[in-house]
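Let chain A serve as the given structure and place chain B on it in line with the hints.
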Amino acid sequence: MATRQTQFLARALLTPAVGLLFIWMIVPLALTIYFSTLHYSLLDPGSESFVGLENFRYFLTDPAFLASLQNTLLLVGSVLALTILLGIPLALLMDQPVIGRNFVRLMVIAPFFVMPTVSALVWKNLLMHPVSGLFAWLASLFGLTPIDWFNDVPLFAVILIVTWQWLPFATLILLTALQSLDEEQKEAAEMDGASAISTFIYITLPHLARPITVVILIETIFLLTVFAEIFVTTGGGPGLQTTNIAFLIYSQALIQFDVGSASAGGLVAVVIANIVAFFLVRIVGRNLEA
Amino acid sequence: MARMATRQRVVVSTIGAWFFGFLIFFPILWMVLASFKTELEAFAIPPSFLFFHWTTENYATVQERSDYLLHAMNSIIIAGGSTLIALLIAIPAAWSMAFSPTKRTKDVLLWMLSTKMMPPVGVLVPIYLIYKTFGLLDSRIGLVFILCLGNLPIVIWMLFTYFKEIPRDILEAARMDGATIGRELVYVLTPMAIPGLASTLLLNLILAWNEAFWTLNLSTSNAAPLTTFIASYSSPEGLFWAKLSAASTLAIAPILVLGWFSQKQLVRGLTFGAVK
Chain A
1 MATRQTQFLA
11 RALLTPAVGL
21 LFIWMIVPLA
31 LTIYFSTLHY
41 SLLDPGSESF
51 VGLENFRYFL
61 TDPAFLASLQ
71 NTLLLVGSVL
81 ALTILLGIPL
91 ALLMDQPVIG
101 RNFVRLMVIA
111 PFFVMPTVSA
121 LVWKNLLMHP
131 VSGLFAWLAS
141 LFGLTPIDWF
151 NDVPLFAVIL
161 IVTWQWLPFA
171 TLILLTALQS
181 LDEEQKEAAE
191 MDGASAISTF
201 IYITLPHLAR
211 PITVVILIET
221 IFLLTVFAEI
231 FVTTGGGPGL
241 QTTNIAFLIY
251 SQALIQFDVG
261 SASAGGLVAV
271 VIANIVAFFL
281 VRIVGRNLEA
Chain B
1001 MARMATRQRV
1011 VVSTIGAWFF
1021 GFLIFFPILW
1031 MVLASFKTEL
1041 EAFAIPPSFL
1051 FFHWTTENYA
1061 TVQERSDYLL
1071 HAMNSIIIAG
1081 GSTLIALLIA
1091 IPAAWSMAFS
1101 PTKRTKDVLL
1111 WMLSTKMMPP
1121 VGVLVPIYLI
1131 YKTFGLLDSR
1141 IGLVFILCLG
1151 NLPIVIWMLF
1161 TYFKEIPRDI
1171 LEAARMDGAT
1181 IGRELVYVLT
1191 PMAIPGLAST
1201 LLLNLILAWN
1211 EAFWTLNLST
1221 SNAAPLTTFI
1231 ASYSSPEGLF
1241 WAKLSAASTL
1251 AIAPILVLGW
1261 FSQKQLVRGL
1271 TFGAVK
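Line order of the protein sequences matches chains A and B.
Just so we're aligned, residue 1 is where the first sequence starts under our numbering, counting upward by one.
Just so we're aligned, residue 1001 is where the second sequence starts under our numbering, counting upward by one.
Keep in mind that a hint or two might mislead.
To be verified - Stretch-level coverage of chain B by chain A, calculated; a stretch enters the list once three of its residues show a Cβ under 8 angstroms from a Cβ in chain A:
#1 1016-1024
#2 1134-1145
#3 1150-1157
Stated by the list, open to error - Under the rule of at most 20 angstroms between Cα atoms (straight-line distance), these lysine to aspartate or glutamate pairs were calculated in the EDC-like manner:
#4 B/Lys1106 - B/Glu1165
#5 A/Lys186 - A/Glu54
#6 B/Lys1106 - B/Glu1184
#7 B/Lys1264 - A/Asp44
#8 B/Lys1264 - B/Asp1107
#9 B/Lys1164 - B/Asp1138
#10 B/Lys1132 - A/Glu48
#11 B/Lys1264 - A/Glu48
#12 B/Lys1116 - A/Glu219
#13 B/Lys1132 - A/Asp152
Source of the hints: derived by calculation from the structure; they are not laboratory data.
We treat Cβ as the ideally placed atom computed from N, Cα and C, and that holds for glycine.
Chain A extracted, bound-state conformation (with noise of 0.2 angstroms):
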């Protein structure tokens, strides 16, 4: 009786939740697809009509579709690599005795804290004008001809201030990793004679290997969306060169008022990040039943 009744407040409970996120899961969904379906251009009120898969095919020709699919994977996939390639080294040395260590974790832990329009505006100005920035300054003084970051190297740029936002995050994620790690499993490695380098390969790497792969997947579901960082520098430029596909997707709903070829452009964006979804589910559905 009891339990009949508890299972019934517990489906009250849980029903405004699910139904929420399920409207807002499906409604505006199934309202790009139907717009993607059609030539509907905010200029051009009341011509609205259907075209098939017209957009789909204009999206996907659009030689800006080919570089911001390019400039996507090169900003995810140098990112990734510097955060974690960064990160565990640093991670490694917090894990050390160190005096004075809550505060160094304060001040690593900080720029994950930063709004990304802020961090943005203060690399592009204070650091990286090619006048009056610190970085320029600094060259100066090695006898170096200044970068002009966001002219020659701009997908580079908005790469480093990416990774300086993103790199707290993954050393915060692989240093709580390592303190789980078991110390006994490394000294009796240490006794047996291991060295620091094949203890690391052998027992800290692999005891890693979890929460990198978290790392990845969840930098991933961001860094696919990177927008304010890249709306505040470049705005897309020079040319296309740091359009990604959500500034591709933006600019052409918000600027070019293409609400057709805008929404097909967001299903395709919805497609490639599913692909990565579908890898993270599995693996904290997994840790859900250990």
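What follows is chain B alone, placed relative to chain A:
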């Protein structure tokens, strides 16, 4: 001998960790310093690190010229409102899944997680058009609503993993003593759930405060939170580094403090409990 080696190791790793920690923190420090410089000094080459004419006039100017307080208030309302509403919806849901799980609970949880994977840009067009139709563009309520939905999956997940850790024996004991579900919720569960609730609240405040896709696309002036306000400094005519730095420092200071308090929960919340 061994002791020597250990002390040496402490010195080396301490110096290394402080060096790299400082390097990572430096851009923030540099920005805070620039906010106390005059515009000329902020732009000067060679830059002055500490020996400049310290001034707080940038902070005053930022408020005078651009109504900083309005945008700060927008940020508080949007981040706070969306977090509170998300909690109100998520608490019952997470409670229900943690304490009366069914065969489908795991699937429901994973499905909720998967809604978070949908890239916002995939639904930008319909959301923009819906907001335009209903006059929700550049409105606080519109942003509260969308950030609430965007963070709801994370809120439910975090609460679920915390609720899961509340020992069930206590519940059974309370039930044996004849506690109704309502009393059980108020007197037994709530006190034990408060730490988890607090960290969920904190993490989601941070996420909502820094959210910069929907806020940039759906707000322009009246409802613009600090993310959008700071973005307005990107136009070439409006480049005042000291003022940009002052506005930025104010925008990140409160959340940096909250963030430092919640860093332990951050790992757990952002990995959906996969790393603790």
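Each hint, compared with the structure:
{"no.": "1", "hint": "1016-1024", "verdict": "holds (count 7)"}
{"no.": "2", "hint": "1134-1145", "verdict": "violated (count 0)"}
{"no.": "3", "hint": "1150-1157", "verdict": "holds (count 3)"}
{"no.": "4", "hint": "B/Lys1106 - B/Glu1165", "verdict": "holds (16 angstroms)"}
{"no.": "5", "hint": "A/Lys186 - A/Glu54", "verdict": "violated (60 angstroms)"}
{"no.": "6", "hint": "B/Lys1106 - B/Glu1184", "verdict": "violated (24 angstroms)"}
{"no.": "7", "hint": "B/Lys1264 - A/Asp44", "verdict": "violated (52 angstroms)"}
{"no.": "8", "hint": "B/Lys1264 - B/Asp1107", "verdict": "violated (27 angstroms)"}
{"no.": "9", "hint": "B/Lys1164 - B/Asp1138", "verdict": "violated (39 angstroms)"}
{"no.": "10", "hint": "B/Lys1132 - A/Glu48", "verdict": "holds (18 angstroms)"}
{"no.": "11", "hint": "B/Lys1264 - A/Glu48", "verdict": "violated (52 angstroms)"}
{"no.": "12", "hint": "B/Lys1116 - A/Glu219", "verdict": "holds (13 angstroms)"}
{"no.": "13", "hint": "B/Lys1132 - A/Asp152", "verdict": "violated (39 angstroms)"}
Figure legend: structure checked against the earlier numbered hints; hints not met, in rising order: 2, 5, 6, 7, 8, 9, 11, 13.
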